Structure formats: structure tokens, C-alpha cells
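Visitor: The lines below spell out each chain.
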Amino acid sequence: MHNIYTSSPFAHNNSSVQKVMLQVQLAALPALVVHLLLFGYGIVIQWFLAVATALLVEYVMLKLRGRPLLPNMTDFSALITVTGLVFCIPPESPWWVVVLGSAFALIFGKHLYGGLGYNPFNPAMLGYAFLLLSFPAQMTQWTLPTELTGLHRPFWDTFQVIFFGLSTEPEIYTGATPLSLMRSGLHEGVSAVNVMMSPILGSGWFGLNAWAWVNIAFFIGGLYLLLTRTIRWQYPVGFLGALIITAWFFHTLNPDVYAPVSFHLLAGGTMLAAFFIITDPVSSSTTPYGRLIYAAGIGLLVYVIRNWGTFPDGIAFAILLMNIAVPLIDRYTQPRVVGHSR
Amino acid sequence: MSTKTMRMSQLSHQFLTKLSAIVPLAKHWLYKFHGGIFPDYHKDLALKQPLRQGYMPKKLILPLQQHMGEPATACVKVGENVLKYQVIAQAIEPRSVPLHAPTSGKVVAIAPQPLPHASGVAEMAIVIEPDGLDEALTNPLQQDQLPPNNKQDPIAAFKHTILNAGVVGMGGAGFPSYAKLPNQPGLVKHLIINGAECEPFITCDDMLMQTHPAEILAGAHALATAFQIPNIIFAIESNKPNAIKAVRHAIAGQASNSVVKVQLVEVATVYPMGGQKQLIQELLGLEIPHNKHAIDIGIVMMNVATLRAIHHAINLGLPSVSRFVTVSGHGLKEPFNIETMIGTPFDELAMLAKPASSINYSLIMGGPMMGVRLVNNHVPVIKTTNCILANPPEPIHQAMACIRCGECAEVCPVNLLPQQLYWHAKAQEFDKTQDYKLFDCIECGCCAYVCPSHIPLVQYYRNAKAEIREQHAQAALAEQAKQRHEARLARIEREKLEREAKLAAKKAAVKAQAAEATPKKDVTAEPATTKLSAREKAMQAAKARQAAAAASSKKADSAAVKSEPAAPSAEDKRKAAMAAAKARAAAKQAKQAQQSDKKSATESVSVEDKRKAAMAAAKARAAAKKAQQESSDA
Amino acid sequence: MNAWLGILLFLALAVAFGLLLGYAAVRFKVEGDPVVEIIDQKLPQTQCGQCGYPGCKPYAEALAKGEADVNLCIPGGEPTMLEIAEILKKDPKPMAAEATEPKPPMVALIDENLCIGCVLCIKACPVDAILGATKMMHTVIAKECTGCELCIPVCPVDCISMVTEEVSSKNWKWPQPNSVTRIPVEVKAVES
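Residue numbers (our numbering), protein chains in the order written: chain R, 10 to 351; chain D, 215 to 848; chain X, 1425 to 1616.
Okay, chain R solo, but in the shape it has when bound:
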């Protein structure tokens, strides 16, 4: 029969970790579709590669750690980790990049710390940082949008490129992302406004480039997450708020050197980070105000790294830096308990 000494409550709102993770996966669908339309089939192949890696790694690690398989494999947290990672990787990068990144993220980012709930760092960003530092060449050469190159590579060709690297015309198909373009442009003394006019940045559906569209898709998915209360409002508000304010401030200060707010919002992984990456509750602050500070700190650091750092997009490093600050933030942002003075 059942056991005694089970304490109240005996009711539950039927939420579960699985449901939360599936909601996040669902919300990433629009971005996946847009990515597929604009950058070709690469993302799909990469995603399946990452999921296969995740399943294998989870299985092996759980066995090694002697943990029950079923509940830990079906919490879908690894799925979210690798999905976040896949969107950061160039869609036609070699297969071993995503495999290595996913494995590193899950093994070193999660399991070695004791599994889900015990990791101090965001696993996806840890995996991404590992890739960026280890394979900078593969990680910075992005497949250009099909719209731009005019070549819609069929599925099988993409498959071959990823697995065997049989690309015949590499110069045309891969190039810099808007962020690295802006970076090198500013470095050469071109004004920010002129960089914005360049063909890669300026053309696309409705005059918005492909990266901007992916960002918009993430924004839509993020709104869904907000409405279903899967994520807390503090993350996007704090992150985007801090980014907008700093970007606006510097742009007004000197429009020639500092890119406009819209550029920062729609370039790189801004929206992916705002709604899907920094919202990982395990590695973020856990108090209401703490979350706001945590997110705002990431927004600020992203801007700093984008403008003055050595890497084009600083989201991964900004998040990892703020992960370190989480215990401190938690300590000083405890809410006032009813009946206590501050």
C-alpha cells in the first residue's frame, strides 16, 4: 500500500519539469522554421546531430553516475541545452563541432556538477564558449543566407557539406555575421551608418536581414513563453532594458562609432539569449530582484563585449560572468519576509 508520513499538500497544479521544457522547445519552433527558410537545411541536421549526441551522453553519464535513467532522461533539460547551442553554431559547420559542443556542455556543464539543478554555469553557453575558444575559424564563418547568395542548397548537399566538407565554393557561401561585419567596418574607420548600408546587412525580406528575422522569430516564441508564464518577465525586461539603454546612450553620444539600438536588438543572439538562454533558472539568480539585476548585468556586459571586447558577440561570456555573480546577487536581494522589517 502507500506510505505514511507524507506531508500535505495532497493537491498539485500538474505542472512538471517536462512540461516546462517542452514549452520552451515549442517556443523555439518559429525560429527553427525561419532559420530553415533563410539559411537552408543546416540547422535541422545540426539539431538532430545535437539531440543524438545528447541522448548518448545522457545515457552514458547517468549510467556512470549510477542515477536512474528514466526520470532523468525524460526531463528534457538536455534537449533545451543542445537546442540553445545549435542556434549559436554556424549552420553548415562540420559535424564534429556540434557533437563536441553538445558533449562538452552536458558533461562538463551539467553532469560533473551533479546533474540538473546543480550546475552553476549555463551548460549551453559553456559549450559554446568552449567551441568559440577551441575552433574560432569554424565558429566565425557563417553560412550566408540563401537569399543573399541565391543558392538554395538541397538537403543532401547540405548533409554532405556538414559531414564530408565537400563544399566547392567556400568563399561565396560563408562570410561574416552582421556583428563581425560591424566590428571590422568600425575598425577600418567606416561609420556605423555606412556599415548598416552594406548589402549583407541591408537586404532581405522587408529590408531586414536574415539574422534580424531569426531574432524576430525568437521574440515571438519568447512572447509565448511569457504568456504561458514559463519564463519570468525579469529576464527579458532586465536584459533588453539594459541593452537598449546603453546602446541608446552611446549611439546618441556618437552615432558614427556606435551602432543604433535596433542593430543591437536584431543582431547576433540577442533575442535567443533574452528569452531562451538567460532564462535558464538553474544557473541564474533565484530572487525576483536578483533576476532583474542578473539580466541587466548580462545586457550591460553584452554591449561592452560587443563594442570593446575581442569577440564579435559577447553573450556567452556575459552570461558565464554573471553566473559567477549569482550567489552574491542572491544574498543581497532577498525579499522582505512578511512581519520582518528590512
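Do not take every clue at face value.
Distance condition first, Cα-Cα at most 20 angstroms in a straight line; then the derived SDA-like pairs of lysine to any residue [said to hold, decoys possible]:
hint, chain 1, residue 1, chain 2, residue 2
1, D, 646, R, 342
2, D, 646, X, 1599
3, D, 651, R, 344
4, X, 1481, D, 702
5, X, 1594, D, 308
6, X, 1597, D, 698
7, X, 1594, D, 312
8, D, 646, R, 337
9, D, 257, D, 455
10, X, 1547, D, 698
11, D, 646, R, 340
12, D, 646, R, 344
13, X, 1481, D, 688
14, X, 1594, D, 283
No wet-lab data here; the hints were simulated from the structure. Keep in mind that this is a model prediction, so the values were computed, not measured.
Position chains D and X against the provided structure of chain R, taking the given hints into account.
Guide: Positioned in the frame of chain R, the structure of chains D and X alone reads:
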């Protein structure tokens, strides 16, 4: 108010409830405290049936402890016939309340019975077999015979009466009501009548407000008059339109002849609105400071059922012997509310509600959010039992790791960080849990209700609280032991000095033998007379215990002989006992010898030695046995 | 030349800081020996003498002097050993086998039918928790008893036994989920 405005307010409430599920800020238009949840209420289950009354149980089990504080002391004997309202257990210890017979009948047992408590332990209870006549004692509370000093003081008289009537808080905590009230008039600014009843399934207060609103108000008025309370607020959750209507009607009927007007407030339906801290925050915007009680900020909150019991005690002179109970749950075909006697067994009531299948699962006392899962279904309704819940067990979710999502902090009505508390409670870091204000937790269960990882958070907090309390108790005991040890060392030192002084004095005298014997005697007599008297007291207590044991135990005969000082056999008896003791001592020595023999006899101890020792031991044992038999024969 | 300057500079610095530390040691000297008190606070105060010292305070004093091992307190068990090691900045040592399992709190109980009134246990009790007089039956004040078991070996008639406190609704503790004894519910089936 017309039904139209009522419907409007309900619609807007529904809209805001939906809205606040998406935008948490919308909650603040609904109610004032932090957090809270909107569970499925299932209140209509038991409200479909009319109130049941007059059920005569086959057996009544009345635990001596039905409240917080000390248990009552039984004052009836097995086999005695009792009348309804007769006192069957007295409040001798402080913080105790008396117990009355709910109906007439015969006391069939005074023995430990399983309690409706989470531990499932059995504790002393009086079992009454009703005779079905329901003969009542006239004037059970004898209010006309109050102690003289109480007559002048209405407050003392009031408190005396509700103590005598055995009134305790009937909302759940079971705090003796008299202890909640101050000793002077004018200290209480607000009396809050708690009709919120926020727990799912429970409708007994709702039913009480629908059927006896005037009695609740009469109790409130009696309280307000005695303590000169200027404001009375009657709070009812918005999901009880019939109760609100009935209470409003009753207030209108009483308005003309009462001094204090009752203010009816419809509060939002949200769990845990009925919590004391939450309802005060909602109604008055006040927070009870940490470590203080509501009375410290001039507020007394009473549950509707408690006020009715006060009305019965003060105005009708009747003790508290029955209460409204909801019998509900998905496992019952005909859930209902019943006014039943205290002591009615749960399983009998559950049977009345036509269980859909045999109840082979454990019942819950109280609601699903804060109730207690019973270890044994054959436990009685006590004064704090508001609901018997029969929900067939559902598949248990495996608890997963905490992902620090903070959903629990979002719903915590006292604004704690349950995820941090859990972290430290699980690691048994109890000082850290106190840093995170563990003892402000009201155990409402909101956090565990929303936890996506299905962690039994409340149980972690309950465990941590219990461990901390035990640690404090142990620290106090250690301190006491330390002091006693130091006192003992000081005493030994003093005695030694005294003895030395005596010895020095005696040395002047000649005889050494006398010098050895007398100081010893003196010393035992000397060390402070208080010590002796304490010892004497203990001896008397021990003797009394012996006498008590004699009444019940199987050694009745021999003990009776012992306590008879004049009996000639007493001498023999003592001799026999001495012989027995001597024999036992010998046996022990023999045993020890044997043991030491065994130890040393690793190689070369003859078998004969061993046998001898064994023989001696056996002889001694036999002698001891014989002596014992003799003594018991004598 | 520069090398000499460096050496001189560091020498000067060393002397200056040495003087400063020496002054601080004199100026901020802690009076008394609070370590004994701190350790005594952590000891369980059963006064059982199982450590080989005649009470908790003497053991604390011996510890403070560095004469005793940190792992001698049997009733305190491993938690106390760890606390002592922490205070004294010593390495923790494994406890003796009988102290690894925490014992439930126990009190002594005298079988009143067997007691011969020899007062031996009264003399043995470190906290004066036994009442009685010569040739009179003795009794243990359960509230004061620390469960040190010192009275058991001295009793000539073996009438003292250790009993655990009975579980009641007052001292019952919620267990941690999934941790301790989970006994099946004894639910009586109620037939419909």
C-alpha cells in the same frame, strides 16, 4: 446588495483570476498579500446535500488532548455512567481545557487510542458507549456559581466560562480560546470573524454560516461586549454567495439591538485567504510582526465555529461537545456536511457518505492543502476536525531535482524563498534555514502545490522545524545538566572540607573507630535541610507511585502487603526482599566472576573452575528466585 | 648597487612589520582561555566520563591544553568531534565504533521492586538525578537524567535499566522525505 451587482463582482473576480495567471501583478487588484494560488475548490461536492444532524454514533472516542497545550486529566472511571455535558476530564495542568461527554452513556474504556495526528501515535482517550437516550445534565457550566472574585470582573468571568466549556479554536490550530484573549478591556481594537474557509473541499463553515448566522453573530457580540471591542469585521470569501446572503440578512436583523455594528467584507477567493496573517493583511493592511501574536497589535481573530461555541457557552451555558464536519472527497458518492458529536469515528462518518469503493486508502483530516494523512482510519472527530476527506490515492510523482525556477517564491504568502529553504533544510543546515526565516513559514503548502519538480517542500520544512526545536530542547537540557554537575562538584568539595574539619576536631579525642563512624553520620545529616526535605518529597512520591501501581498491576497482593505498615507479615516480607536482593547481588558477582574467568581463560582454565562458577551462579539465581517467590507468597 | 638597495628595503620592511606584529600581539592579547568555554559549550554535558576525564569541563580543559584526542566524546558522536576539531584547528579523527551510530536519547529507570536502597547509584550520578536514602527505594528524576549510564555498573542488584523516551504526539518529529522509516499504513478497509 442586489444579485446583479453580486454577479458582476463574481465575473470581475473570475476575469482577474484568469488575468493574474498570466500577469502576476493583476493579483494586487484582487487581494493584498503576496503570493497565493487558485486551486480547484470542489466545494459543491458536499454542498449538494443538506446538513445532517442527530446522528448517534455507536462509540465515541474522546482523546484527552484535543488542543495545543497540556492534556486534560480524566475524572471518570471505567464503567461509570455519564450524562451529556458532564465533565469527563478536568483541566488541571495549565494551558489545558476540560472535556465533556457529548451524549449520555457508559464509559467503557480509558486507554490509549490512535489519534488523528500525523504521527498516528496512540494516546489516552475516554471511550463512551452512548445509550441513545441523550440525557443531559442541567446547567452544566454552573455559571451562577462562579468564583466570587470573578463576579465583579466580566472579563475574568467570560474567560472562566469559555475555559469551563472547553472552547478551543475550531479553525484548525486548536489553541485554547481563553488563552487568546487579554485580561483587560480595551486592548482589542478589531474582532475579525473568519469565514474565509479557503481550503478546497471544506464547506462546514459555509454550511454553518448559512444555517446559524445569528448564533455566530451572538457569539461575536458577547465577545465584543465583554472586551469592549469597537470594530467587528466578518470576512467571507466571494465563492460563498449563500453564506454572504445569510450573514447579511442576520446582520440586518440584529442591527437595531446591538451596540457594535458588524461590517461584512467579501474577500477574494484565493488560497490561503483564511490564514490569520493573510486575512489581517487583507482586511486591515497590517502585518503581524515576527514572533508576535495578533493580540499584540490589537486584533482577535475567531473562526465562525469558535464563535458559535462561545455563544453556546456564554449565552446558553452549554459546553462544546459537537461541531460541523465536512465529509467529502472523490471517493464518496454522497458527500455531506454534518453536525456531529466530538468523538465520532472517521470511518463511521465516511460510511454514511456511501463510499464508491471500499476505503482501503488512508483518509485525510482537513483539506488537501494543509490536512493530515491518517495512519489509521479509525480515529475520532476532535474539536479541530473540520473535514474528513476521502480521495482515492493518485499516482505519486517522483520528486526531481530543484531547478530553482522560483515558482514557489512567487506563490509564498509570507514572501519567503522556499527554494533556498529547501536547499538548506535538505542539507540539514538548520542555522541557515533560520537565516531564511524558516519559522515564518505557515506550512500552507502553496510552494509544494506549484513545484514543477514535485518536491515535498512542506515536509522538509516540518522536519527542519522539528529538528531545530529538538536541538533547542537538548541545548537547554545540556545546560541544566552542566549546572547540576557543577553544583554537585561544589557540594562534594564542601562536604570534603566539612569532613576534614570534623576529623581534625575528633583527632583531639582518643578513639579512632568512633571518629570513623560518627562524622559519616553527621555528614549525611548535615548538608542543608532543604536537600533532605526534597528527598522526603521524592520518597513520598515514590510511595504514592507504589500505591498506584498496586491498584493496577499483577503484583497487587504483595504490594498491598508492603503498603500495610501494621501487618505482621511486613517484617517477613522485608526480610524476604533483603534475602532476594542479597541473592541477586551474589548472582551478579558470580556472573561477573564467570565473565572474568571466561576472559582470562584463553588457554589454561580448567573446565572444573568454569563449572564451579556456573554452579555458584545457578545456585545464587535459584536462591534469588526462591526468595522472590517467598516474598510474593508473603 | 640596486640589488643592495632592494635587500635593504625588504629588510627594513621586515623589521617594521615584525615590530608591528609584536606590538599587536601585546596590545590585543586575549585574556583568559575562552577555548575551554567554547569547547565546553559544544560538549553534550552528559558528564558520563566515557572520555576518561571526570566530566565534560575537564575534557574541554584537556582538549584546550592539547592533552586529549578530539574523538573521545562518545555521546556527542561525530558531529561533536568535528566541531571540536574545527575549534582546535586539528584534523578530525574517526570515532570509536560504538559512537558512529547516533543513539536515541535514553534515561535510567530503577526497578522499584528490586532496589535495595544501597545509595551506590546516588553517589555515581554526576548530575544528582537519583533520589533516595539508605535502605529506602531510589528513583531517577527522568527530566534531569542525562543517560550517562554511570549508575548501571555500580548497582549490586542490576535493577537499573536504560529506557528510551516514548514517542508521543508532542515529541514526534516529521522525518525528512524519503529518508527514514517508512512503514506501511495500517488502514482498516471500510467495506461499502
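Visitor: Given the hint that residue 646 of chain D pairs with residue 342 of chain R, test it: the Cα-Cα distance must not exceed 20 angstroms.
Guide: Roughly 16 angstroms separates the two Cα atoms, so the pair holds.
Visitor: Just to be careful, I want the Cα atoms of residue 1597 of chain X and residue 698 of chain D compared with a cutoff of 20 angstroms; is the pair within it?
Guide: violated, 28 angstroms
Visitor: So if I understand the rule, the pair passes when the alpha-carbon distance is 20 angstroms or less; does residue 1547 of chain X with residue 698 of chain D pass?
Guide: holds, 14 angstroms
Visitor: Do the alpha carbons of residue 1594 of chain X and residue 312 of chain D lie within 20 angstroms of each other, as the hint requires?
Guide: OK: residue 1594 of chain X and residue 312 of chain D at ~19 angstroms, within 20 angstroms.
Visitor: Checking one constraint from the list: CA of residue 257 of chain D to CA of residue 455 of chain D, max 20 angstroms. Satisfied?
Guide: holds, 12 angstroms
Visitor: Tell me if the straight-line CA distance from residue 1481 of chain X to residue 688 of chain D falls inside 20 angstroms.
Guide: Status holds; Cα separation ~18 angstroms.
Visitor: Has the given pair, residue 1594 of chain X with residue 308 of chain D, been kept, meaning a C-alpha gap of at most 20 angstroms?
Guide: With Cα atoms ~16 angstroms apart, residue 1594 of chain X and residue 308 of chain D stay inside 20 angstroms; holds.
Visitor: Quick one, are residue 646 of chain D and residue 340 of chain R close enough, alpha carbons at most 20 angstroms?
Guide: OK: residue 646 of chain D and residue 340 of chain R at ~12 angstroms, within 20 angstroms.
Visitor: Just to be careful, I want the Cα atoms of residue 651 of chain D and residue 344 of chain R compared with a cutoff of 20 angstroms; is the pair within it?
Guide: Given that 20 angstroms is the threshold and the Cα spacing comes to 11 angstroms, the pair holds.
Visitor: Is the hinted pair residue 1481 of chain X and residue 702 of chain D satisfied, with a Cα-Cα distance of at most 20 angstroms?
Guide: Given pair residue 1481 of chain X, residue 702 of chain D holds - Cα atoms ~13 angstroms apart, limit 20 angstroms.
Visitor: For a C-alpha distance cap of 20 angstroms, please report whether residue 646 of chain D and residue 1599 of chain X respect it.
Guide: Holds, because 19 angstroms separates the two Cα atoms, which is no more than 20 angstroms.
Visitor: Can you confirm whether the C-alpha distance between residue 646 of chain D and residue 337 of chain R stays at or below 20 angstroms?
Guide: holds, 16 angstroms
The structure fails to meet hint 6 from the earlier list, while all remaining hints are met.
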